[in-house]
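Use these hints to put chain B onto chain A, whose structure you have.
For the protein sequence lines, the chains are A and B, in the order given.
Okay, so the first sequence: first residue is 1 according to the numbering used here, each after it adds one.
Okay, so the second sequence: first residue is 1001 according to the numbering used here, each after it adds one.
To be clear, the hints were calculated from the coordinates, so they are not data collected in a lab.
Remember, predicted model here, so these are calculated numbers, not experimental data.
Glycine included, each C-beta is placed from N, C-alpha and C at the ideal position.
A few of these clues could be false.
As the list claims (entries may be wrong) - Over the 10 Å line for every Cβ pair with chain B, so calculated as not near, a few chain A residues:
id: 1; residue: Asp-71
id: 2; residue: Gln-110
id: 3; residue: Ile-126
id: 4; residue: Glu-245
Stated by the list, open to error - Restraint ranges, calculated between C-beta atoms of paired labels, are given here:
id: 5; chain 1: B; residue 1: Glu-1066; chain 2: A; residue 2: Pro-163; range: 22 to 32 Å
id: 6; chain 1: B; residue 1: Leu-1149; chain 2: A; residue 2: Leu-154; range: 42 to 52 Å
id: 7; chain 1: A; residue 1: Trp-214; chain 2: B; residue 2: Ala-1032; range: 16 to 26 Å
id: 8; chain 1: A; residue 1: Tyr-36; chain 2: B; residue 2: Ile-1274; range: 26 to 36 Å
id: 9; chain 1: A; residue 1: Trp-173; chain 2: B; residue 2: Ile-1025; range: 20 to 30 Å
id: 10; chain 1: A; residue 1: Asp-209; chain 2: B; residue 2: Ile-1025; range: 20 to 30 Å
id: 11; chain 1: B; residue 1: Trp-1067; chain 2: A; residue 2: Trp-214; range: 43 to 53 Å
id: 12; chain 1: B; residue 1: Leu-1029; chain 2: A; residue 2: Arg-226; range: 21 to 31 Å
id: 13; chain 1: A; residue 1: Leu-272; chain 2: B; residue 2: Met-1130; range: 23 to 33 Å
id: 14; chain 1: A; residue 1: Leu-154; chain 2: B; residue 2: Leu-1120; range: 54 to 64 Å
id: 15; chain 1: A; residue 1: Ala-239; chain 2: B; residue 2: Ala-1032; range: 19 to 29 Å
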Amino acid sequence: MAATVTRKYQASSKTIRPWHNVSGMGVSVALLLLAYYGVIFVYPFYRAIWLSFHNWDFIVDPVYVGMRNYDHVVRDNYFWQAAKVTAIFSVAEIVIALTCAFLIALGISQLSSGFLQRFYLGLFYIPVVIPSIVSILLWRFLYLPNDGVLNGLLTRFGLPQQPFLNSSDQALWCIIAMVVWANLGGASIIFFAGINEVSIDLLEAAKLDGAGLWRQTKDIILPLLRPIIFYQVVVSVIATVQMFEQFYLLTGPGFSTRTLAVYTYELGFRTLNLGYGAAVSIFIFLFLLIATVIQFQRFLASRD
Amino acid sequence: MASQSSPGRFRVTQLWTSGRWVKLIIIFLLTAFAALMVYPFLWLAFGSFKTGSDIISQPIQLLPREWTLDGFRLVWGQSGLPRAYFNSMFVSSLIVFSTLLTSSLGGYVFARLKFPGRQLLFYFILATTMVPFVTLLIPLYLVMLDLGLLNSYAALWIPAGVSSFGIFLCRQFILGIPLDLYEAARIDGAGDFRIYWEIILPLIRPVLSALAIFSFLGAFNSYLWPLVVLNNQDLYTLPLILVQISTSMGATNYQAVMAGSLLASIPTIVVYLIFQRNFVRGIALSGIKG
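So here's chain A without its partners, still in its complex pose:
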């Protein structure tokens, strides 16, 4: 059914009837949007690129330095450390969250009453609805090394206490756990909506042919969900790479949780190294662009 809907979209977008030639409302809305995006996107984006070729500390006038900022970025160990943290976080968060979300959605789709389905989806959605700042403060309590809930529970089960955010090995994984917790419900609902759209006829035919749980999931549901999975991965990469306050407020020791976004903020607003900060932020853009293009290529290739 998903396929027919998509086809309808494509067909209708090509057959817009020439009722009039040019719509006045269309032109006005377009001009407004153009002005808005000019101020909020085009100029700032141009300015980011411009800044990345200059040195500026906000006090003395900007000085043109050519490619020097980019040159520094490539050799900057702090930059690569931040890039590594960002990459580990992004990949781990996405793999764990999407896998769990799919299993949850599949489980919920098997419940035999709409009420139960709504009930469980609602429970898993609670962390999404809580403001992210509240999740962060809440998990900071949970992770407290001495009085925290998690160490309290560990003690109760006779397990050794953990340093959590105070350990450079554990801090990043603590943040990953928190973000998975916070985001899981959103992906679950989207997967559930996708599973809900799988044609019943198809599944019943497969069932008659003796396909069980594993075969139906692997051969019917997962292939049909591929566009959703692809979309989820693309969106999650863009979102996770940009996360800020999670790392800014749940900081681990040293640079163990400093991501590219935090590094950019510190360069721009703490050390007032605006040109260099802009260069780092351009690298973030390029990384995301490359990651997205690769994902698109792989997605399109897998459809043939």
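Just chain B now, with coordinates in the frame of chain A:
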């Protein structure tokens, strides 16, 4: 087709012939997992009614040993929380309103109206989503500085007031509305705007509901941007004030921080409850499914 489900209505199908015990295992696993998901928030909610020493005394206990409203009194009376509450609600409402308006207008215009450069502008708006906000952070700050908008509601509102994603979502949705509807309205003499107002808007309610939730959560959660453009505490939004509270009271008054966090969660939960009826349907019908 009788078997065709209407999207988003919760369909109850058995994918495979599962015995009763399989279903019981599924329910057991889901319940255990859900408990794990809900527990932290319950701990926060009950923690708001505990005394400070109760929160950290071992063994950990979910319910308060002694119920008290101290945390709420402290956080409401001795911090900028009430003011921040207003700021957050005001700015988030503005953002949601302008996002819904511009997304539906933009979606309609790009889906159904003719004007030069339509495709180009649409793909341009789509392309802007590829540039991460951190890349624009420093120059956007400079723009606000140049416009003299630092420390103002406008600075919080403007960069979030239009959503490229929302325009895209509405366009996809509107493309799926049968053309007959437009033709009928057009024959009746309706202009572009009337068609938008009387036909499109009511029909895209599900997608607007989903968008309202997304944009409200986004605006309400926003931390980095307010951190950058605000230093006047009167304008602080809830995330900023909560961090401040946790710095100033967090070492001694856990209950105050928890009470503040609980209060700050109310608006997002309420907004979700208001719009959630259409939420799954909005997701199912929207372009999200690719």
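Discussion item. Minimum C-beta separation from A/Gln-110 to chain B exceeding 10 Å: can you confirm that?
Written reply: Given a closest Cβ separation of 5 Å, the condition is violated.
Practice prompt. Would you assess whether A/Glu-245, listed as outside the interface, keeps its beta-carbon beyond 10 Å of every beta-carbon in chain B?
Written response: violated (4 Å)
Worksheet item: Do A/Trp-214 and B/Ala-1032 keep their Cβ atoms within the hinted range of 16 to 26 Å?
Response: Given range 16 to 26 Å: holds, Cβ gap about 22 Å.
Worksheet item: Falls inside 54 to 64 Å, the C-beta gap from A/Leu-154 to B/Leu-1120?
Response: holds (58 Å)
Discussion item. Within 20 to 30 Å: is that where the Cβ-Cβ distance between A/Trp-173 and B/Ile-1025 falls?
Written reply: At 29 Å between Cβs, range holds.
Discussion item. Assuming the hint says 42 to 52 Å, is it satisfied by the Cβ distance from B/Leu-1149 to A/Leu-154 or not?
Written reply: holds (49 Å)
Worksheet item: So does A/Tyr-36 sit 26 to 36 Å from B/Ile-1274, Cβ to Cβ?
Response: Between A/Tyr-36 and B/Ile-1274, where Cβ atoms are some 28 Å apart, the hint holds.
Worksheet item: Using the C-beta atoms of B/Trp-1067 and A/Trp-214, is the stated range 43 to 53 Å upheld?
Response: holds (50 Å)
Worksheet entry | Whether A/Ile-126 stays farther than 10 Å from all C-beta atoms of chain B, as the label says | violated (6 Å)
Worksheet item: Does the hinted range 21 to 31 Å hold for B/Leu-1029 and A/Arg-226 at CB?
Response: holds (25 Å)
Discussion item. Does the beta carbon distance between A/Leu-272 and B/Met-1130 stay inside 23 to 33 Å, or does it fall outside?
Written reply: holds (28 Å)
Item to complete: Go ahead and decide if the range 22 to 32 Å is satisfied by the Cβ distance of B/Glu-1066 to A/Pro-163.
Response: Hint holds: Cβ distance 31 Å, inside 22 to 32 Å.
Consistency note: the structure conflicts with the earlier hints numbered 2, 3 and 4.
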